[in-house]
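**Q** For reference, the chains in residue letters:
2 protein chains.
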Amino acid sequence: MEDDDASATGTPSRPDNVGTYLIHRLQSLGVSHVFGVPGDYVLGFFKQLNDSELNLVTTCDELNAGYAADAYARIRGIGAVCVTYSVGGLKVVNATAQAYAEKSPLVVIAGAPGIKERIGNPLLHHKVRTFDTQRKVFAEVTIASTVLDDPSTACGEIDRVLSEALRVSRPVYIELPRDMTFAPVKLPDPAPVMREAASDQNALQSAVDEAVMTINSAEQPVVIAGVELHRFGLQDKLLAFIDKVRIPVAATILAKSVVGEYHPLYIGIYEGAMGFESVRNYVESSDCLIVLGAFMTDVNLGQYTAHIDQEKAIYVTSEQCSIRHLHYAHVRLHDFLDGLISAPLTPRTPHDLPRPRSMEPFLTKRGRKITVKRLFERLNWALEDNTVVIADVGDALFGGLDLITHRRTEFLSPGYYLSLGFAVPASIGAQLANPNLRPLVLVGDGAFQMTGIEVSTVARLGLNPIIVVLNNYGYATERPLEDGPFNDLQVWQYSLIPEIVGAGKGTVATTEDELNHALDAAQAYTKGFTIIEVQLDPHDSSPALQRLTEGLAKKIR
Amino acid sequence: MEDDDASATGTPSRPDNVGTYLIHRLQSLGVSHVFGVPGDYVLGFFKQLNDSELNLVTTCDELNAGYAADAYARIRGIGAVCVTYSVGGLKVVNATAQAYAEKSPLVVIAGAPGIKERIGNPLLHHKVRTFDTQRKVFAEVTIASTVLDDPSTACGEIDRVLSEALRVSRPVYIELPRDMTFAPVKLPDPAPVMREAASDQNALQSAVDEAVMTINSAEQPVVIAGVELHRFGLQDKLLAFIDKVRIPVAATILAKSVVGEYHPLYIGIYEGAMGFESVRNYVESSDCLIVLGAFMTDVNLGQYTAHIDQEKAIYVTSEQCSIRHLHYAHVRLHDFLDGLISAPLTPRTPHDLPRPRSMEPFLTKRGRKITVKRLFERLNWALEDNTVVIADVGDALFGGLDLITHRRTEFLSPGYYLSLGFAVPASIGAQLANPNLRPLVLVGDGAFQMTGIEVSTVARLGLNPIIVVLNNYGYATERPLEDGPFNDLQVWQYSLIPEIVGAGKGTVATTEDELNHALDAAQAYTKGFTIIEVQLDPHDSSPALQRLTEGLAKKIR
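Note that the protein sequences, when read in sequence, are chains A and B. 51 is the number of the first residue of the first sequence in our numbering; add one for each residue after it. 51 is the number of the first residue of the second sequence in our numbering; add one for each residue after it.
Hints are computed from structural coordinates only; laboratory data are not their basis. Careful, some of the hints might be misleading.
The list makes no distinction among identical chains, and a pair is therefore deemed to hold if it is satisfied within one copy or across any two copies.
Stated by the list, open to error - Here are the computed lysine to any residue pairs in the SDA-like style, where the Cα-Cα straight-line distance is at most 25 Å:
no., residue 1, residue 2
1, LYS166, ALA323
2, LYS166, ILE358
3, LYS577, GLY80
4, LYS362, ILE169
5, LYS362, GLY170
6, LYS236, GLU214
7, LYS236, GLY80
8, LYS294, ARG405
9, LYS186, GLU214
10, LYS423, SER328
11, LYS166, ASP359
12, LYS186, LEU173
Turn these sequences into a full structure, and let the hints steer you where they fit.
**A** Structure representation (structure tokens):
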């Protein structure tokens, strides 16, 4: 679109109004794409975004824009979604809640009625109860929020909430009344410092000393690596630490791929009764558990079948630092890791480590029906160095845990919040965040029916994920808990969806040889996306899911 | 599914636990269908619903279940949506907000972690910040909310919030921790009284007297009928009043079809500059405006181009009663109407009334491209006595205002909240609420791309709406305000969607003769739904929309 009013829009390098300052700050923090759906209360800002160096990515639905931005944030370190008032904003509440629960620094920008329009409290369209309703809702699911109702404080407010998003890696909310979008601002001087967070040096030294003593005197220390190592960009520090001391490392479910799964010290995912017995035994027989950046959620802990003894644990996250029963205040995770790296830790020679199972050749028999177990065995062979696995909730996730990703941060999933429908929209955010990645999307039929039509945007952008729909004709994770017709889904012809959206390819696989052929063809076709519908038995499931549902069934009533 | 544990489920007629009591109360208030998506925290209640006399209708996505239940509530007088904790609940926030804004008595039932599970504040899956996060969010968009955390108070709490939903016709929130679902209850005795709301008799008499004097002394009184007349079932009272005194009546946008549009005293929709000049002149030259149950929203008032002079107005809603500058407390709308009906009002003989334009024969020319204006002229001929028009946001709504519906309450639209994507899911709720109705769904391509795939559920239930997709290749209502690539949409083959979901028919119309044929065929095909994609010029729009966007364009910056 031609811009005939350049003076009003500014440029990212010289922001001169509220909207362009916000764009400038996002860009300086690493944002290159903003996801959203337009609406009249936010159209002025959409114009600014369109005129800026940022790429504006519109999706079919706001919730999906939220998921895409969340995935983008998990890879880029920050992501942004921009929507209109209420009818857009209230549709991204769930994505924002997910980002809160799983610590993703998602910036929600919502247009709103102008401050002057609000005088007299009129019934403007999209208003719910009061003009403040939306902000109050987001206050419950974000770590910081602001309404940019004053140009003289707007820059400071933008910097404050963005700093918070980065500091704790959680979502924030910025409301932009439309009459503030083009309001002139004076730039803050000096430019604000982001990500600042200093440790208490005495507490830090004390914690590191105690940790070193504990680790050095342990027989079999093991690291449990959590998702915060990824969120805060601490993976190199983790590797420096474990490589130096040669301590084996397990990951939580949510943190799968935080360490490359072929790393010689990587022993697998620790998930209590859900995981492999060898990993569980190794971890639970350890006399020194070094838990770094991990949330102790029910899912991560295999429905609390996992057993972490506090008296054997060094437990450091962005929110706490404890060693056995001792708590240290104001000790930052990154400083603690730096402390361990430079500390006099005795190198070890671990042996008899559990190792990810080696991949056996996938020998197919023509016409043999695919099982869930065999599907994932075959998918393992489809992983390439540039594959990012994006697993939706259900057996897509649980089966996917057995895949062995090649590098690190190549496995994305809402492994704690467990909201169905993340994966397809997330693939958009993931591939835009890192164009070198090619997503392998694993999604059940229930999740696909929620958001899978967002392949429309995949088509529009020319992205090329491989989307494997695990069609087991219903909510298979619920059938073992309580079955009924409410777990059944309408049968779709998933492979025809490319014809609806005008790009991509679709195919169906019911046998192992069809699966082989479909995956080979999808990998060879790089110009667009492929949907592979894999038809499964409704009562088949992965071993991990079988163990999980047994744990959950006891808790329904 | 066979029920091998009948004692645990109860029946609607003899509820003996929290879940079955809730079902019993819903049923006694007129609910026959509950919409939702299952999840592990709510599976026990889904089992109860499935075993009850209520029909459980699962949809692809929770938001759509919310829309369907909202539409159901608008027709039945109450509707219910049932979802799981957070990942389900937070997806229906937008539908709930819409119900709040537009006064629809929607009951949101959300499963949740058991009260016993919450001890020690563990990180259970789906949890956001605290176990109370979801309830706090819903407190902002409902009129009453409760967490059923105690069986001894659960029945009273259920009755309290359901009463509130009916009393003010707004949504309520009921959270059902899963360990409470089957907890035994003692039934309240006597059964609670719903819908109670008494007027102050002195204030009522005083208001009616003043109104009678004002009306009798007026030259040209006119009624503006609002949506509350529909919500509170007061349409018969309205007719009794206007038929007795023979006062002309206009409707607001949100209330379109509250009076049958062929009624001899009906003059059309009053919407300021957006509407027909004749209606506007008649209303604004009146010396006595009787505004009943109407919200004075920006859209209803044609972006405040409408002009209602308080000094000429009798203004009575569920929330206020004023006559000129006099305010009367505790005067109920239904009592006020009863008062008018029995009052000594002088019958009139109104003349020169604006009348809905008569329908001219639709003469097509083979190959002539369809315009928006001609589309709606043709759609008028497709309306039958059993048609309910469900208009999504955009030109589907604004163009749809010119349709002349046959009976009353046959036009549903989110005419104030204006959330895109309501219509297709709403058609499910509408047709289940009244199986005698056949929906004519008017939906733009932008709205259809959000929720149109929910025709999957239409297919599953064997419903037969006629779905007209107004394809103008983007967000056409925004183009005149601020255009850019962000208003463009991916081109879909809408007519192929029946092949995805396994039922229904699809067709494309670009010319008037194709439209003729498509509508005739759709009306003749009653076994399932039809999608008619109508291809329009991206810059074509209805006259009403042209006037609205002129009003809105001034407010963007």
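**Q** Work down the list of hints and note, for each, if the structure agrees.
**A** Structure-based check of all given hints:
Taking the closest pair of Cα atoms, LYS166 and ALA323 come within 25 Å of each other only across two copies (22 Å); inside a single copy the shortest separation is 59 Å, beyond that limit. In this assembly of identical chains, the alpha carbons of LYS166 and ILE358 lie at most 25 Å apart only when taken from different copies (22 Å versus 56 Å within one copy). Proximity of LYS577 and GLY80 under a CA criterion of 25 Å is satisfied in neither setting, with 27 Å inside one chain copy and 54 Å between copies. For a Cα distance limit of 25 Å, the shortest separation of LYS362 from ILE169 across copies, 24 Å, qualifies, whereas the shortest one inside one copy, 60 Å, does not.
In this assembly of identical chains, LYS362 and GLY170 lie within 25 Å of each other by CA distance solely across copies; the values are 21 Å between and 62 Å within a copy. In the homo-oligomer, the alpha carbons of LYS236 and GLU214 lie at most 25 Å apart inside one protomer (22 Å), although the nearest pairing across protomers, at 50 Å, exceeds that limit. Taking CA atoms no more than 25 Å apart as the test, LYS236 paired with GLY80 passes inside one copy only; the shortest distance there is 23 Å, against 59 Å between copies. In this assembly of identical chains, LYS294 and ARG405 lie within 25 Å of each other by CA distance solely inside one copy; the values are 20 Å within and 87 Å between copies.
Taking the shortest Cα distances, LYS186 and GLU214 sit within 25 Å of each other both inside one copy (18 Å) and across copies (22 Å). In this assembly of identical chains, the alpha carbons of LYS423 and SER328 lie at most 25 Å apart only when taken from the same copy (19 Å versus 71 Å across copies). Taking the shortest alpha-carbon separations for LYS166 and ASP359, only the inter-copy value of 23 Å comes in at or below 25 Å, while the best intra-copy value is 58 Å. Taking the closest pair of Cα atoms, LYS186 and LEU173 come within 25 Å of each other both inside a single copy (18 Å) and across two copies (24 Å).
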